[in-house]
Structures are given as C-alpha cells and as structure tokens.
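J.: Take a look at the letters that make up each chain.
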Amino acid sequence: MIVGGLALEEAGLSLLMPMHLRLSASGRIIGIGATLGRILGRGGLTGAAFWDRFAVSRPAGVTSMGDLAARQGQRLVLSLPEAPEISFRGVGAAEAGGGVFLNLSFGIGIIDAVRRHGLTHADFAPTDLAVELLYLVEAKAAVTEELRRLTHRLDGARHLAEEEALTDTLTGLRNRRALFAALERACAGGRPFGVMHMDLDHFKAVNDSLGHAAGDHVLREVAQILLAETRAADTVARIGGDEFVILLPEIEGPGGMQAIGQRIVDRVARPFDFEGRPCRIGASLGLSFSGLFDDPDPDALLEDADKALYEAKRQGRGQIVMSGRFARQGVDQSG
Amino acid sequence: MLGLINSAIEGFLRETYGAARWREVLRQAGLGFDRFEPLMTYDPEITDTLLAAATAVLDRPRDALLEDLGHWLVAARSGGRLRRLLRFGGVGFPDFLQSLEDLPARARLALPELDFPPLHLDEAGAGLFRLRFDEPFAGAGAVLSGVLRSMADDYGTLALIDWDGAADATITIHILAEDHAEAREFDLVHSAI
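First to last, the protein sequences are chains A and B.
FYI, in my numbering the residues of the first sequence are 1 to 335.
FYI, in my numbering the residues of the second sequence are 336 to 528.
Next comes chain B alone, as it looks inside the complex:
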C-alpha cells in the first residue's frame, strides 16, 4: 500500500497535536523509522499499528481521530491540494457526489499504482444518497465521512453525513440545503500552475 495514508496521518498528527506527541506515537508504534514517504510502499499492517498507537497516546477513539483526519485533509492541509482536486469533480455538492464513482479512476490517472477501492453511489430519494465501498483499512469510512463533511462545507451545502461503521461501509448523505452558505472560491486553474 502506498504511504499516502500513513503520510497523511503523520501530517495530521504533527500539525494538530505537535511534533512531540507525534514522536510519542512513533515510539509507541515502534516502527523503527520516523517519517512516511507518500509515494513509497508500506506494509498495510503499518497503518493499523500507527492508528493503534495514536489512539492510545492521544486517548481519542479511532473513528473520531480518522474523521478529524478526513476533515483536515480537505480543510486544513497546507495548500488545500486535495480540496482542489476534489472540487474538479463537480459544480455543486450533488454533482460532486455523482462524480465520486469516477474518483478511483481519476486517482489512478494521477497515480497508476494507487489502490483505490471502487465507490458505488445510489440515489435513494430527493437529496438522499448512499455511498458504498469496501474499506481498504479499518476506519477508512470515517476518513471519507470527514472528507465529505468538509466538501459539503466547501460547496456551502448543509448535509447530514452518517457512516454505519461497517467494513463494507455505507455512508448516507442527506442534503438539507444545497445553497446553505456561500461556496468557497474555486478556479479551474490554480494560481501556482
């Protein structure tokens, strides 16, 4: 598995809880190295080891930590790169949701070796969606819930997002008000390019 998730966990813990706590997590995890490279491959078990250590050191439930991670990935991560890439998915939040099934293919366009599970979106009623996928690691649904909540905010949409906690995860998205607030600005071409 690519180090993207591990490296995201590292960035999130460092930025949110500070370098000292991150070192404590590393010590607890006993991995024998002190940073993750996003584009290098790691044993999938390392993610679990890392999360178990973080949960113990920070005394925070795993799912809550992972949902915060999802939120951080979109809203706080320096540069907001993932947010931008996700915003390419659609004009509004419902449009964005419809684009999620394309996400694995999009991700592979950028990184062919990325192991992204297929996502299935069902429209269950007006403004009611169900997103189903198999978790690549336990708690991935929590991360995705955090990402979706942040993206709803980004689009200025008021939505209820609920993850069932199962490994063959279902996330229910209920859009209450699509244009609840002003959407954050998004230019198709980033000023840095």
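Bound conformation, chain A alone:
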C-alpha cells in the first residue's frame, strides 16, 4: 500500500491495526491483521471471500464491494455468520482500483469476544483502549461488590439497632423491650412497685372514622398525658397499638396508684382536637402491685394487671380495676 511517500508492509499495518482487512475489488481478502486472522482461523486466510465470512448488519443493504465503498467513513456493524452474538464495529475507506480497506474493533460485546477468542494484551494495538475498558469493567465490578457488601452490613446494623432500640418511635415513650428491662430491674430490686395496664376505649372508632393520622395523633396526645400525670421515675411504655403500661416504683399500696390512674382516666376522657374535629376516647386501667407476689416476676405482674384490665373493660368504659389479688389478700388478712 502506497500513500504519497508512505510505504507500509502488511506486518507494519498489522502492528498499527491488528484487526484490519484489505479487500480486493472482487471481494477477496488480500490482507488481514494478526488479531483478526487469529479470530477467523483458516477462514481468514488471504484469498478467502469476504462475503462468505462476514455479514454487514448495519447499515442495511450493504452486500457488495460497491456498497462498501459508497459507505466509506460511516460506522459499519459486522458479524460472523457462525457467531452472530459477537459483533464488530468497523470503518472502511475505498482504495484505488475498487478495493476497500476496513479497520475493525469490538463493539460493546468486547468481553464476550475476549473470552471466546482468548485474546490477550498482545492482540490489541497499544493505542486501543480495549484493555482499559476491560480493566474498568473489572474494577467497577470490584467496587460494586464492595458496595453491595457494605449495604448488606449497614442493613444488618440497622436491624440490630432497631432491635436494640428502647423507644417507641411513634410516641417517644419506652417500648415493650424497655418496659421488660425496667420490670426485670424492679423485680430484682426488691422494693415495692405498681404496674398499670391501660387500654384506650373507642380508639378503633377514631381510626376507622377519621383515619390513621387521627389515630396516631391521639396516641401521641395520650402519651403526653401519661408523661404529665406520672412521676419522673415512672416508666411509661406503649407495648402495642393502643396498649400502654406504666411501671411505678416506690409505691406502697393501691391508694397512690388509684389516684394517678383516676387523673389519667379523667384527662383522656376529654375530647382531643384533630384538625378542628373532636375525637372522643376513654381509658380503661388494670392495676397490679409487686407486694401481691411472694416472688414477683415481670410476666406474672403483667398478666395480673392484664386480668384486671379485662375486668375493667367488662365493667364498661373508663373504669379502673385493682388486681383480684388485692381482695383475696384482704380476705386472708382479715381471716
């Protein structure tokens, strides 16, 4: 090939463009780069017919040397009939005498092509960014993998933190977990304490008629009342939808609890305002006391307060019921 004063042997062309093809006017391969030759194997030997070995899939309708020459400078997409999934991109230039010089590279399917043909560094011209692309694919895969692991670990840490959290996110009160921890401490401490189990009356009706936002608003308002009507040392927890438990340390007997309970019942019974509309609910309370047990434990105390609450609900709304054990113990004492 002679261009002006430039004379290059086939070997020199192959160094610069290891995937080039020189085609004669009749469509025969008369020169081929080393890498392309390796890919084509025997089919890429000089003298083979280009149109037997390659299909030009884009632009459409390129089926002759004349078509190829006419598309000079345009981007071509070519493939091998036996491996249509691996495509080449190429560009051609018409040579004097009707031949066409084509230079090819791999398109975006380079990874499959490299794997399929076992290509190495040496198969790419030093100016080709193909190896950089492969490097980048691998580096990005490594970074993505690391990010995936990080996300996984952070997610695990978040779950753990949630599990270990002690606060009810809706109301800011303590949650069930915190309540049990406080109950355990109180039981182990040996000092007398009271347990109040509270359930809201008509709460479901508020939720159903005014929506969950109203329900949430009511729960937050009730939480504020509970905090206002109890002492700083008391533990106020929401343990379920509209279920609250208050642990009252240093309580000597039922009298003090009853007074606190009554203030709560009275205040909860006042209508709440939600976006200009009144919400009416009430509170039922069941009370228990550590002194009623020889060996108090959290589950027994909660169950006892829950039974009293059940009785309060049964008696109507807005009631405060002491544990049945008070009465029984009273009988024992008098007897």
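Certain hints may be false.
Said to hold, decoys possible - Covered stretches of chain A, going by a simulated chain B footprint (3 or more residues, C-beta under 8 Å):
| id | stretch |
| --- | --- |
| 1 | 111-120 |
| 2 | 133-139 |
| 3 | 142-148 |
Unchecked claim - Computed beta-carbon distance windows for the label pairs:
| id | chain 1 | residue 1 | chain 2 | residue 2 | range |
| --- | --- | --- | --- | --- | --- |
| 4 | A | Arg38 | B | Gly427 | 15 to 25 Å |
| 5 | B | Arg465 | A | Arg53 | 46 to 56 Å |
| 6 | B | Asp369 | A | Arg38 | 43 to 53 Å |
| 7 | B | Pro452 | A | Leu129 | 16 to 26 Å |
| 8 | B | Pro453 | A | Arg38 | 31 to 41 Å |
| 9 | B | Gln363 | A | Leu160 | 20 to 30 Å |
| 10 | A | Asp273 | B | Gln363 | 27 to 37 Å |
| 11 | B | Pro452 | A | Glu82 | 45 to 55 Å |
| 12 | A | Arg38 | B | Phe451 | 27 to 37 Å |
| 13 | B | Leu393 | A | Leu129 | 56 to 66 Å |
| 14 | B | Arg349 | A | Thr46 | 55 to 65 Å |
| 15 | A | Arg28 | B | Arg467 | 51 to 61 Å |
What the hints assert, rightly or not - Simulated crosslink set (SDA-like; lysine to any residue; CA at most 25 Å straight-line):
| id | chain 1 | residue 1 | chain 2 | residue 2 |
| --- | --- | --- | --- | --- |
| 16 | A | Lys307 | A | Gly276 |
| 17 | A | Lys140 | B | Leu417 |
| 18 | A | Lys140 | B | Glu520 |
| 19 | A | Lys140 | B | Gln433 |
| 20 | A | Lys140 | B | Arg419 |
| 21 | A | Lys140 | B | Leu393 |
Read the hints as simulated data drawn from the structure, not as lab findings.
In this text, all values refer to a predicted model and were calculated from it rather than measured experimentally.
Note that CB positions come from ideal geometry on N, CA and C, so glycine has one too.
Here the structure of chain A is known, so what remains is to put chain B in place on it, guided by the hints.
T.: Only chain B this time, still in chain A's reference frame:
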C-alpha cells in the same frame, strides 16, 4: 482518607495472625470500633494508630509488616483482585513498570474519590528503574515495595527491589532476568465476570 488501606491492614492481620491477635491490636489501638469499611472515609491518623498498635502487639518492625502487607495484597488476598487489576498494566514486568505512572488515573477511574499520590518512573539504565512518589502515610513505600516484589514474581521476573525509606520515597528496581520463571496465568476477562 478512604478506608481501603485500613481495611487491607485489617484483612492482612486477620488472615495472617488470626482473629484473636487482630482483636488485641484493636484493643491496643483503642479506636472504639471493630472493623474498617474500605469505601468509607477515615481520619488519616487512624492508619498510624493502627500500625503502631500492630507493631507493638506483633513485635514486628513497621516496615517489615507493611512490606508483608504489600505482598499479601497481591499474592494472598482471597480472589487476587488487586493482582488482576495490576496485571492489566502490561504484558511483561518492564511494561507493567512503565504503566505505573498511569496507576493513579486508573485507580481514579474505578474510585473517583481515591487519593492516590502521583508516581514518577525514571529509567536509569538497562533494566534499572527508579520510582518516586510522596508517601500518603509513613511506610507506604514499604507496601509498594511488597506489591512490586509480588508482581515481579507474578510476571516470572527476577528483580531486586529496594526502597530508601524516605517520605519522598524512591524505590529502585533492578531487573536481573525478565523471563526468569513462568509467569502466572492472566486472562483479560475474569471467569467470574
């Protein structure tokens, strides 16, 4: 500074000396957490604290420990990811050395926030190279020496690699026999991709 180095130190100590020794190092360092995330950012001083603790607990000189780390990064780390990424640099070891000046830019292609110091390679004679850079942390030259030794092995090249220990570090690389042994296999496309 990204946690890549800290996390590499952690991986190296865990794998080489065991989880118990690693916990001892952590206790000694008193950092208040028990693992490093490679892609999170840490105070650069933490690397020094960690290395001081490791040196004390393992009773091993800092530079020796760091050179072992460099070796481990290439040769032993599970999966050999860094080895592969470095092998993209060149066909043979001299070619790889020539590619080192591109390493910071390559690294930033993968991780734009990576703070990689510029590397300068001088060819001082036949098979004699000098690599100069400013250490991002004290002892980084030892890590890079370890990496280069392992890469020479990987390419099957016999080379003398000598770090001068200065903070504006120079590593001298003297290639004695380029094809001393069989190079480890390297496919441009990893089988896992």
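J.: Now look at each hint and say whether the structure bears it out.
T.: Going down the list of hints, with the structure as the test:
1. 111-120: holds (count 6)
2. 133-139: holds (count 6)
3. 142-148: Coverage by chain B holds for the stretch 142-148 of chain A (4 residues, Cβ < 8 Å).
4. A:Arg38 with B:Gly427: 15 to 25 Å: holds, 20 Å
5. B:Arg465 with A:Arg53: 46 to 56 Å: Check passed, 50 Å falls within 46 to 56 Å.
6. B:Asp369 with A:Arg38: 43 to 53 Å: Holds - the Cβ-Cβ distance for B:Asp369 and A:Arg38, about 52 Å, lies within 43 to 53 Å.
7. B:Pro452 with A:Leu129: 16 to 26 Å: For A:Leu129 against B:Pro452, whose Cβ atoms are near 24 Å apart, the range 16 to 26 Å holds.
8. B:Pro453 with A:Arg38: 31 to 41 Å: holds, 37 Å
9. B:Gln363 with A:Leu160: 20 to 30 Å: Distance hint for B:Gln363, A:Leu160 holds at roughly 26 Å.
10. A:Asp273 with B:Gln363: 27 to 37 Å: violated, 60 Å
11. B:Pro452 with A:Glu82: 45 to 55 Å: Holds, at about 49 Å.
12. A:Arg38 with B:Phe451: 27 to 37 Å: holds, 36 Å
13. B:Leu393 with A:Leu129: 56 to 66 Å: violated, 44 Å
14. B:Arg349 with A:Thr46: 55 to 65 Å: holds, 58 Å
15. A:Arg28 with B:Arg467: 51 to 61 Å: holds, 54 Å
16. A:Lys307 with A:Gly276: Roughly 37 Å separates the two Cα atoms, so the pair is violated.
17. A:Lys140 with B:Leu417: holds, 12 Å
18. A:Lys140 with B:Glu520: holds, 22 Å
19. A:Lys140 with B:Gln433: At roughly 23 Å apart (the allowed maximum being 25 Å), B:Gln433 and A:Lys140 satisfy the hint.
20. A:Lys140 with B:Arg419: Since the Cα atoms of A:Lys140 and B:Arg419 sit roughly 13 Å apart, the hinted pair holds (cutoff 25 Å).
21. A:Lys140 with B:Leu393: violated, 35 Å
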